[in-house]
Structure formats: C-alpha cells, structure tokens
Amino acid sequence: MNTWVYIDHFKGEALPASWEAVGVGKTLGKVTALVFGSGVDRLVTAAFEYGVDEVLLADDPSLLDYRAELFSSTLKQAFAEDSCDVILFPTTSRGREMAAMAAIDLNTGVLVDAIALETTGDKLIVTRPIYSGKVLAKVSCLLKPQIVTLRGRVFPKPVPQAGRSGAVTKIAAGSGPLTTVEGYTSSEGGVSLADANVIISGGRGLAENPALQPPAGMDAKQAETWHAQQGFAMLKELAGVFGGAVGASRAAVDAGYVPYAMQVGQTGKLVSPNIYFACGISGAIQHLAGMRSSKLIVAINKDKEAPIFKVSRFGVIGDLYQLVPAMITAFKQRLVK
Amino acid sequence: MKLIACVKATPDTTAAVKVDNGKAVWGEAPLVINPWDEFTVEAALRLKEANGGTVTAVSVGGEEARIALRHALAMGADEALLISDPALVSADPQAAARILAVAIQKVGGVDLAFFGRQAIDNDSGITPAQTARLLGWPALTLVSVIKVDASNLRVERAIEEGRQIVTAKMPAVVSVVKDIGEARFPSFMGIRKASKTEIPVWSLADLGIPAPSATVDQHSLMDAPVHEVVCEFITGGSPQEIAEHLADKVLGEKLL
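Protein chains in written order, with the numbering used here: chain E, 2 to 338; chain V, 85 to 340.
Please note that the accuracy of each hint is not assured.
Calculated lysine-lysine pairs in the BS3-like style (CA-CA distance at most 27 Å, straight line) [said to hold, decoys possible]:
no., chain 1, residue 1, chain 2, residue 2
1, V, K333, E, K237
2, V, K253, E, K77
3, V, K333, E, K305
4, E, K237, E, K296
5, V, K280, E, K270
6, V, K333, E, K333
7, E, K124, V, K107
8, E, K303, E, K237
9, V, K338, E, K270
10, E, K296, V, K333
11, V, K253, E, K303
12, V, K102, E, K296
Keep in mind that the hints were calculated from the coordinates and are not lab data.
Using the sequences provided together with the hints, build the complete structure.
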C-alpha cells in the first residue's frame with residue numbers, strides 16, 4: 002500500500018512517535034514522508050535514514066509554526082495532486098488534530114490511537130483502546146484514504162541507517178491560516194512524560210513526612226504542600242539517574258502539590274514507559290488507566306493493601322523518605338559509571 | 085457573548101467497563117457528564133461571568149444525554165439543547181462533529197463553541213477539530229487559558245513542549261483542558277433549576293440534514309487483556325538493603 006506518514010516535529014525536532022509511524026508504514030509498503038515546516042532539511046535527511054522511500058516537502062517561512070488550518074490545507078493540496086492509500090500520523094497533539102481535519106478534508110474516516118494494526122487485502126484493521134483502555138475495539142475505515150494515528154511507544158522505532166536517501170518532491174504550502182502564534186512558554190524542561198523511558202510518579206503519600214520541618218510561618222495547608230514538594234524534588238533526583246521524567250497522581254495535582262501538566266491518568270497523560278515507579282500512589286482506577294501499559298511497574302507504598310500492588314511486578318512496603326534516597330544511591334552505583 | 089458548551093454523557097471514570105455480547109457494558113455504574121466536559125462548561129461560565137452573555141449546553145445522543153445537559157444547567161448554563169434522532173443509532177465522533185457544526189450554525193450568532201479535550205468513552209478527541217473544520221472556524225484545541233478582547237481571542241494551549249500562545253478572531257471552536265480552572269459543583273438551587281428547565285429536542289429534520297454516513301466500521305470489542313501480575317515484595321533489613329535488592333531486580337529485567 003502506498004502510505005504517507007506525517008512527520009510531527011517541534012522547531013525541526015521530530016517527535017519519536019513520528020519515526021515509529023515510519024516503521025509501521027514500512028510494513029505496509031512504500032512510504033512517503035510528509036515534512037512540513039520552515040528550514041527543515043535536517044528532518045528530510047532523518048526521514049530517509051529512518052527508512053522512508055520518498056519525501057513530500059513543504060518548506061516555507063509561513064510554515065515556521067504549526068497551525069492546524071494551514072498545515073491541514075497543505076496536506077489537502079498534496080493529496081489532490083498525488084494521492085495515497087493510507088495516511089499515518091503519530092498520536093501527538095498536532096498529529097491527532099491534523100488527522101481529524103484530514104478526515105473532513107479528504108472525506109474519509111479516521112482511526113485514532115491505534116495500538117495494533119493488521120491488514121486484510123488493502124484494508125487496515127486497527128486495534129484501539131476505548132473507555133480508557135478498559136476495552137479494545139477493532140475498527141477499520143469505510144472510505145479511502147485510510148487515516149490512522151498511532152500511539153507512541155507502542156510500535157518499534159526503526160534503526161536509522163546513515164547515508165540513506167531518496168527523491169524529494171517539493172510541494173506548495175497551503176493557505177488560509179486562522180490563527181497567529183505569538184510564542185511559547187516552555188514547561189519545566191527536561192524529558193516529556195510521553196517520551197520518557199522511565200517515569201517516577203508521586204502521590205499524596207509524599208506529604209507524609211513529619212520528620213521534615215517546614216519553614217516557620219506556614220499554615221497547615223502550606224506546610225502540607227511544602228512537605229509534598231520536598232518529596233517531588235527527591236523523585237526528580239531519582240528520575241535524573243535514569244534520564245527520566247516525573248509524574249503525579251490526580252490526588253497530588255488536585256491537592257495543589259504539582260501542576261496539572263504532570264498528571265498521569267485518565268484525565269491526565271497516558272504514558273507507557275519501560276519502567277514506571279509509583280511512589281505513595283494508592284492506585285485508583287483513574288490512575289491505572291493512564292499507566293498500566295508500562296512495561297514494568299514498581300510500587301512503593303506504606304499500605305500493603307494499596308491496589309497499585311495488584312498491577313506491579315515489584316513492590317516495597319515502607320517509608321518513601323527512607324527508601325527513595327537509598328534507591329538514588331543504589332541505582333546510581335549501577336547505572337552511572 | 086453567545087457561548088455553546090458541547091457535552092456528552094459517559095460512564096463514570098470508576099466504572100468497570102466490560103464487553104458483554106459484543107457490547108460495552110458497565111453494570112449499575114451511573115452515567116455522568118464526561119469528566120472533561122465539566123471543564124467545558126466551567127470555561128464557558130467563566131467567560132460569561134467576565135464578559136456577559138449566555139451559555140447553551142448542547143449534546144448529541146439519546147435520552148441519556150440529558151444527564152450531561154442537566155449537569156451543565158445545574159452548574160449554571162442558561163439553557164440546554166438535545167439533538168436526538170432515531171436515525172442516529174450510534175453516532176461516532178465524526179458524525180457528532182457534522183451534526184454539531186450544523187446545529188451551531190442553526191443556533192446562529194455563536195461566538196465560541198467549547199468542547200472538552202475528549203470524551204472518556206470513545207477517547208478519540210477529534211470532534212472539536214472536525215467541528216471547527218466544518219464550520220471554517222479556527223480550532224483552538226487543548227486550551228488552558230482564554231482571554232477575550234472585543235472579537236479577538238488570545239489563548240494558551242497545553243502542548244507536548246509547554247504552552248503555545250495563539251491569537252485568533254471569533255467565532256472559534258475551543259477545546260479545553262483541566263488547567264482552565266476547577267469545575268464548580270452544581271449548587272442546590274442549580275440542581276432545582278436544572279430539573280425544571282425544559283430541554284428542547286432537535287431532530288435531524290429540524291437541522292435539515294440526513295444522518296451522516298458512517299466512516300468507521302467497528303468489527304468487534306474485547307476486554308483489554310488483563311496481565312496477571314504477581315507482585316514480588318522486596319524486603320530487607322534496612323532501606324539500603326531493600327534499595328540494593330530492588331535495583332538488582334529492576335535492572336535484571338533489562339528494560340533500559
């Protein structure tokens with residue numbers, strides 16, 4: 002099948018799920034990468050290295066910032082000139098939005114957040130989680146092109162091969178932007194939860210550390226938040242040992258300990274790292290829905306009945322404030338040469 | 085300002101959803117307003133409180149959709165509108181977008197149509213962008229902060245890389261995330277008002293459109309495989325000993 006893969010990127014840096022989508026495309030046949038942006042030669046080179054056969058390149062100053070309507074109209078125009086059977090997107094915030102708009106523009110359907118994909122003839126049968134992963138649905142597109150977004154960290158990323166290249170076809174930028182991008186305020190920096198190999202998450206349990214004395218003059222609520230934030234700083238240090246990211250339970254976010262951007266769960270981020278450490282998180286269904294596809298789950302909790310242990314491969318019953326510092330030392334010894 | 089809040093009824097987040105006879109079921113668990121849509125309504129109400137206007141909650145669905153609409157009314161929405169038709173057997177998210185786009189036009193004079201980032205049943209999260217595309221309005225998705233000045237809109241979007249600051253002209257479609265602000269609980273007076281408010285129902289004939297044709301075929305549903313995990317509890321004489329033991333076990337899985 003003739004497959005297009007949209008390469009999602011931010012300021013010329015591809016999101017890893019884009020390359021995973023290229024890998025899936027390769028299993029279907031010829032792959033053409035869609036590279037839209039301004040000054041994105043490096044992405045074209047990378048796309049070939051990751052295995053695409055051709056690139057449709059819209060390189061134009063107007064495409065410097067992603068804007069939904071402009072990028073969607075670029076895709077629509079490209080399709081009018083040179084069609085395909087399948088369009089794959091990574092399930093990123095931009096990928097999902099463009100896939101949604103492409104389905105309207107190209108008068109077809111879209112299958113969002115695939116975790117498995119099979120073919121019967123030229124039809125793709127996609128498995129996608131619904132009800133926060135409690136149920137899996139097998140679905141297919143009734144119309145063409147078949148548009149699919151692929152969940153990140155599910156499909157293998159191809160091994161890049163230096164020096165690979167192929168034909169680049171330049172295409173025009175679309176028109177009709179309806180928004181202006183004024184700028185960005187970056188998050189804390191560091192590794193994003195979506196891409197992290199290792200995630201250390203904290204819950205309400207982090208506020209339970211009576212041994213630490215908060216600065217004078219705090220009321221009870223401020224002291225509680227202060228306690229929890231000492232705990233999150235500790236988790237950040239552990240995450241640093243792995244080059245990983247820090248997450249949080251909804252309870253910790255609702256209590257005001259950390260910002261919502263860190264929330265893992267049904268109404269937060271869906272993550273599937275290789276290793277997930279749940280520290281002081283009891284394991285409400287709504288949290289499990291966001292992390293249970295992690296490859297290895299390790300839980301540390303004071304309460305041996307905590308539901309989090311039911312989904313964990315390894316568990317420790319005990320005090321976080323004693324265990325995490327010891328873990329920082331132990332993992333450092335083994336990982337940092 | 086004329087504000088629309090698009091809402092949906094879904095099972096509660098704690099519902100144990102299972103597949104029975106090829107259908108998703110959740111036993112006695114109640115339907116609630118889609119948790120993301122509490123923020124949809126909240127965003128619309130806050131904008132109304134700051135700038136004046138009306139908030140109309142709109143839902144596409146069967147009788148169950150009234151649960152979401154009543155919740156929106158109880159939170160403070162001025163009116164509600166149910167779009168329901170026997171021809172809409174199982175409206176997929178794309179069909180919902182087609183219907184909502186027509187309904188928003190029929191309501192007329194709408195400045196902003198609010199959505200949640202996704203509904204926790206289908207988990208597609210495509211309806212806001214598609215509705216915007218069909219209307220030809222800007223799609224401002226994943227919005228955490230909104231400011232309105234005359235017909236200008238300035239929002240912050242929560243994207244992977246942080247916050248993106250975007251401006252656009254109204255009318256527009258906005259999907260919101262939780263950062264928009266804590267959703268208020270319905271007040272006692274609000275609940276009473278909601279139970280008395282007459283909710284008009286529009287059929288497809290009222291909208292003047294046929295049922296949108298299906299774009300996606302659902303072959304089968306299955307329960308998500310349960311990975312039987314037996315938790316191995318790591319013990320030791322001291323935190324150091326436990327940590328060493330745990331580190332060896334975790335790294336022994338060769339996942340890094």
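For each hint, the structure was consulted:
1. For the suggested pair V:K333 and E:K237, the alpha carbons sit about 21 Å apart, so the restraint of at most 27 Å is met.
2. Proximity of V:K253 to E:K77 is assessed by CA-CA distance (about 23 Å); at most 27 Å being required, the pair is judged to hold.
3. This hinted pair checks out: V:K333 and E:K305 have alpha carbons roughly 20 Å apart, not beyond 27 Å.
4. Between E:K237 and E:K296 the alpha-carbon distance is near 21 Å, which keeps this suggested pair within the 27 Å criterion.
5. In summary, the hint linking V:K280 to E:K270 is not supported, as the alpha carbons are separated by about 38 Å, beyond the 27 Å threshold.
6. Distance restraint check for V:K333 and E:K333: the Cα-Cα separation of roughly 15 Å lies within the 27 Å cut-off, and the hinted pair is therefore satisfied.
7. Restraint check: the Cα-Cα separation between E:K124 and V:K107 comes to about 23 Å, which is no more than 27 Å; the hinted pair holds.
8. Taking the CA atoms of E:K303 and E:K237, the gap is near 20 Å; set against the 27 Å cutoff, the hint holds.
9. Restraint check for V:K338 and E:K270: satisfied, since their Cα atoms lie roughly 25 Å apart, inside the 27 Å limit.
10. Under the criterion of a C-alpha separation no larger than 27 Å, the hint pairing E:K296 with V:K333 is consistent with the structure, at around 14 Å.
11. Among the hinted pairs, V:K253 with E:K303 is inconsistent with the structure: their alpha-carbon atoms are about 52 Å apart, more than 27 Å.
12. At most 27 Å may separate the alpha-carbon atoms for a hinted pair to count; V:K102 and E:K296 meet this at roughly 23 Å.
In this structure, the earlier hints numbered 5 and 11 are contradicted, and the remaining ones agree with it.
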